[in-house]
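Student: First residue of the sequence shown: 1, per the numbering used here; consecutive thereafter.
Hint data in this document are derived by calculation from the structure and do not stem from the laboratory.
Each hint should be verified, as a subset may be incorrect.
Unchecked claim - For each label pair, taking beta carbons as the anchor points, the in silico distance ranges come out as:
id, residue 1, residue 2, range
1, THR28, PRO85, 41 to 49 Å
2, ALA134, VAL38, 53 to 61 Å
3, THR90, SER18, 40 to 48 Å
4, GLU46, TYR105, 31 to 39 Å
Glycine included, C-beta positions come from ideal geometry on N, C-alpha and C.
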Amino acid sequence: MTFRRLEFGFVGPMTKSSGGHLYILAATNYFCKWAKAVPLKEVKKENVADFIRTNIIYRYGVHNLLKKVVAKSKHDWHERLGKVPWTYRTTVRTPTQSTPYALVYIVEAVFSLEQQIPSLRIAIQEGLTKEENAPIRLEELEVSMRGD
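Between the sequences and the hints, there should be enough to build the whole structure, so can you do that?
Tutor: Written out as structure tokens, the structure is:
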């Protein structure tokens, strides 16, 4: 989910509910039309922080991805932690059918392997046509097979 237009707003005070709630905190993401509202007893920054943590961060996978890294790398997870945001940002998300990276930067991320072995996607991104790219890829393949 891109956070370029994520807006928060409070509604209230309202008539006190049976649960003691007086306010509503509403959040809207104008990019994907996602909306969420929760009842609040009082307007406090802690309530907003809890809302963001529970309904955005935990819900959209970063928390789960962190748990997976720790579970798989029990003793050296601290060394792998820096890769988690990159993995999250470069993985296609179902609601947008795109990566968070592409939504923010308007271009797909280039992986280090693609810099060493350029892909057709990178060639096109750099402005080469398929016809211009094919002989280049063929030559690279021949060189790699010869071991030059």
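Student: State for each hint whether it applies.
Tutor: To see whether the hints hold, each was checked on the structure:
1. THR28 x PRO85: 41 to 49 Å: violated, 24 Å
2. ALA134 x VAL38: 53 to 61 Å: holds, 55 Å
3. THR90 x SER18: 40 to 48 Å: holds, 46 Å
4. GLU46 x TYR105: 31 to 39 Å: holds, 33 Å
Checked against the numbered hints given earlier, this structure breaks only hint 1.
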